[in-house]
Every structure is written in C-alpha cells, then in structure tokens.
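Trainee: Following the hints, position chain V against chain Y.
If you read the sequences in order, they're chains Y and V. If you read the first sequence in the numbering used here, its first letter stands for residue 114, the second for the next number, and so on. If you read the second sequence in the numbering used here, its first letter stands for residue 114, the second for the next number, and so on.
Think of the hints as simulated: they come from the structure by calculation, not from any bench. In this text, all values refer to a predicted model and were calculated from it rather than measured experimentally. Be aware that a few hints might be false.
What the hints assert, rightly or not - Incomplete in silico selection of chain Y near chain V, CB under 8 Å:
#1 Asn-290
#2 Leu-320
#3 Phe-322
#4 Ser-357
#5 Ser-358
#6 Leu-367
#7 Leu-370
#8 Glu-371
#9 Ile-373
#10 Ile-390
#11 Met-393
#12 Tyr-421
Think of the CB as a built atom: it goes at the ideal place given N, C-alpha and C, for glycine as much as any other residue.
Protein chains: 2
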Amino acid sequence: MTHTDLKILDCTIRDGGLMNNSYFPIETVRAVFNAACLAGLDFVELGYRNSKEMFSTSEFGPWRFCDEEDLRAVVEGIDRRNTQISIMQDAHKSVPEDILPEKDSVVDLIRIAAYCRDIEKAVILANNAVDKGYMCSINIMAISHESRKRLDEVLDIIKEQTRVKYVYIVDSFGALNCDDVIGLVEQFKDHLGDNGTGIHFHNNQQLAFANNWIGMKYGAEIVDGTLDGLGRAAGNCPTELLLSSLRSEKYDILPLLEVIQKEIIPLKKKIQWGYHIPYMITGIFNLHPGAAMKWLTSNEKDDIVKFYKEISGK
Amino acid sequence: MTHTDLKILDCTIRDGGLMNNSYFPIETVRAVFNAACLAGLDFVELGYRNSKEMFSTSEFGPWRFCDEEDLRAVVEGIDRRNTQISIMQDAHKSVPEDILPEKDSVVDLIRIAAYCRDIEKAVILANNAVDKGYMCSINIMAISHESRKRLDEVLDIIKEQTRVKYVYIVDSFGALNCDDVIGLVEQFKDHLGDNGTGIHFHNNQQLAFANNWIGMKYGAEIVDGTLDGLGRAAGNCPTELLLSSLRSEKYDILPLLEVIQKEIIPLKKKIQWGYHIPYMITGIFNLHPGAAMKWLTSNEKDDIVKFYKEISGK
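If we strip away everything but chain Y, and leave its shape as in the complex, we get (with noise of 0.2 Å):
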C-alpha cells in the first residue's frame, strides 16, 4: 500500500460540533489547530459555514459560522506549517454570499456537505467557492441511500458542472461494511480517476476505521478521522489511528495524543459520543443516528431492547 498523495483531514471541531452545538471554547480550537499543524496533518477543519438567517446565534456557537474573525483568533500565533484550513457549507443550509474571496480568508478549503437531492444547490456553492479561489469538495451525505445509479449521475453533475478537488463518500449513518466501501471508491475512481476520492466514515458499527484503511488501500485520496473519534453519535475514525497506521514520517501522533490528553478526554465529562448500541441499531438498519439520539436522552434510555424492537419493528 503506498500513500505517496493521500491527505489526512481532521474534522474534530466540525464533527464534534453536532454533538455540542459548536460550542467549543476558543483555547480547545486553537490547541486542536496547533496540534494539528503539529502532527503534520494535510488539513484541519474548523466548523462550518452556515447560514445565520438559518441557525440561530444565541442556539449556537462560533464554529457554526466561523466569522473570518474567529478563524482569525484560532489561527493567530500558531506556526501553520503544512497544514491548511477547511470549514464546510451545508448545501441546503449556507449561502454563497457568506463566502469571502480567498485572498482575505485564511481558509484554504471549502467542503460543501449535500444530499443527492440538493445537488443543484451543492453546484451553486462549489462554483461560488471556486470562482472566489478556494479549493473546493462536495461530500455526498447518507450515501447508503443512494442507488449506484443515482450516484453515476451525480458525479457526472459535478464533473461536468464544477471544478472541485474531491469528491466524498460520506457514510452519514455509519451502514457501510468494508465491501460497500471498495464498491463505492472503485465507482467513484471510475468517475474522477486517481485523484479526487475522499471517504468519511462513522463508527455505529466499529467500522470507521477499517472502513478508512481499506477505502486507503483501493485509492481514496483524501481521508478524514477526528481526534480519539469524537464526532456526531457514535463518533469518527480516530485520527491517531489513521497516523498510526501510516507509519509515515510525514506525520508524528504525540502532538495529538497531547491535545486528546488535554482538551479531549475533559469533554467526556459533558458530551458522550463513540460506540454504543442504540447507535449500532440505527447503523444497522442503515437509518439516521438522531432516533438514538433522541431515545438516549430520553427516561428510557438503557432499554436498548425496546429501542431494537421499534426501530426493527419486531
């Protein structure tokens, strides 16, 4: 397995985000970014660039937006090194507008997040990013749901409607095993050739990063994992394993375990995410984590029998 071009994207903030309305106090994004640049990796993402008109600022926190100004005060100080910024736009939740040109950002990628269906908005946002000078992704969200038809059209779309980068497999639900997973890279390498695959796994099944390693091994390009997982529900690949497992000089994993130590384990204490059975069970059943999300915070929350049988039906 050779990884002369493969790019590590941490996506703890963003990810994470879902998990505490992207509240995260500035001193942990910072530490995380510092980290980061640090440990060598390719890109770190610091939130998304969502629509105010859309998400309230008094519900959320910073890194829903990400104000040029607080990406600022993350950045300031901080020896970037290799590393590049991202921030990602929901196609149905962002507007093009909230987009400065890239000489006053210091953003250096825009991953725009879409379901098949809100393609259309997904293009919009993508040639906004890229005609303002930005390296630019569209991620295909809950792509377990997707026909292998459905999803030939939509990277013909995007091939011939944009100029981005990359192109993602995102496994919003955490339903893909290791087969789907070489399925999936080989149609869109069919698509995009060699360059431009990027996977995005989450770990209802404890598969995220097997699911990583073999999406590397049949020539993914880009590939994202969070810091000791964390991310919405049962959480990401782990980004320490994805380093570990490289073995390349490239990258060093004690600037993240330093950060993990730090700044993530503490969250412990207020956010529960990573590999627990109700998530297992929307995974399963290839279904949105927020029915488990919802029922674990509810009085019945350790009746992971009953949760089985509504969500099965049985």
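Mentor: Frame of chain Y; chain V shown alone:
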C-alpha cells in the same frame, strides 16, 4: 460471501473473566448461556479449566476452573437447542487429568490456548481431549509475534500429531490489520483445507469486528465474539455485530441485546473494557496489553502521553 458452515462462538464469560478473575455470579453465567441458546449461537464458552495447582481458588472465581458441577448448575433447566458448550485449557496452565470422559461432561468442545513455544504441551492436552471424546481446537495465541515460517512448522505439527477440528488465529495484542488477517487465513487454509480455521481478535485498534468480517470473507470457519465486546483490555468483537452482519435466519440478535442490557452493561460499573488509547498504544506496538492494564490502575492513568513515551522509547 456464503457462510453455510460458519460457526459463531461467544466467549464472553471466558475472555471477560480475564477482567474480573472469573468472578461472575452464576445468575449472570446462566443468563448468558440461555441467551446464547435462544440466539442460536453455535458455541458458548463458559470459562477456563485451568489447574488448581497453578491458580488459587481463593483468588479466582469458579469460571477459571469450570468444575463439572458448576457447569451443570449453569445449564440445568435451560433448553440448549443447538448450542454446544466450550471450555478452554491454557497449554501452560492446565493438566490432562482435569478432563473427564466426554460422556460424563456437559462440555462439547475443549479449546487449547497455546503460544507457539508451548506447542508440545498443547498437543498433549489436545490428544487427551480428543481421546476422551471431545471436539477440540488449538488456539495459537500472540500470533502477531510469530513468523510465517514458524507458523508453518506449528501447523504441520498440529496436523501430523493431533486430530483437532479447528486451529485458531488469536490476535492477543490487537495488532493485526485486515491484510495481516487475509494472509494468515490463507496460510491456515493452505494447511487445514477449507475446514478448520478459527479467528479470535481484540479491539485495540477498533479492528476486531472488521478483522472478523474479513476473515469470514476469506474463509474462516469459526469466529469468536463477546457480548458488547466484553473481554481483556480493549475487549473483543461484539457478538451482536457478527450476528447483524450475517443477516442469517439461523441467528436471533434480540436475546443477546436482552442479556447485554440486563447483565453485561451493569458490569461497566465495576469493570472497564473496550477501546481506550492506552490499549491502542500497546496494540500499535504489538505488545501484550498488560502494560496498559497496569498503567490504568496507577496514579498516572490519565497521562496517556507519558505512557506513549514509555512504550515507544521516544
């Protein structure tokens, strides 16, 4: 992927017993056994039959010894259906005299766990078990420390000198990745034919389920899991994930979820198992998890950075 002859073995009580000196209440063991029978599991392992000369009965609970009367108390009044009972003997900690003739026992399968260096002891115990009428396996522990050549020699010895039904790949350290598993399963099948390869993985790198999945795909015939992954250190592949991935009418996940809810999750108040960064560190350095388990009982347990530096020598 077809799994016509695939067998699933749950070893919750045996491997989990490494976290509590095999002190499970008999009600828990009966509940696990009953659930395994209702779920249609092929085998359930109820503990070790290790020597009372080598283990103190005041320091270890009944499931380290599995006296016949204790096993009978477990199974009494429970409809076994098609589920068979396994116990384990450690090659270097067990004696032939502790095994009754099969007709006087509720046990069906005796698994001999052995390091390669103890293969001669394992052969003696395996022949003893087969001669007394049992199905038998030899489980090669710490396999990530063995060369391909050494494994060829050991597999030849097993084939020539025993009549065991299965030989297991045991990743005691959670060090193997999916390619390693494919290579080992293929090597074992070269010696054993299509029948006889077993797999047992630990979750130090969140790969226990993925490695089982890949191992089954490449032709492993018998696969281990534990309920909610309960087992030494990072634990094992969750049996419920195995069942859900097979989507076979032979198995029913619901009885497993019921016993997990009632008996296994409450154990988390006393025993900590599952993915945790110190276990990840021993896994990536291909070391016994003992160092991490000891660290986690020390005053420095939260200092994962210091543990990494000690283990890596950096």
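Trainee: Now, for every hint given, state plainly whether the structure supports it.
Mentor: Taking the hints in turn, this is what the structure says about them:
no.	hint	in the structure
1	Asn-290	holds, 7 Å
2	Leu-320	holds, 6 Å
3	Phe-322	holds, 5 Å
4	Ser-357	holds, 4 Å
5	Ser-358	holds, 7 Å
6	Leu-367	holds, 7 Å
7	Leu-370	holds, 5 Å
8	Glu-371	holds, 5 Å
9	Ile-373	holds, 7 Å
10	Ile-390	holds, 7 Å
11	Met-393	holds, 7 Å
12	Tyr-421	holds, 5 Å
Comparing the model with each numbered hint stated earlier shows that all of them hold.
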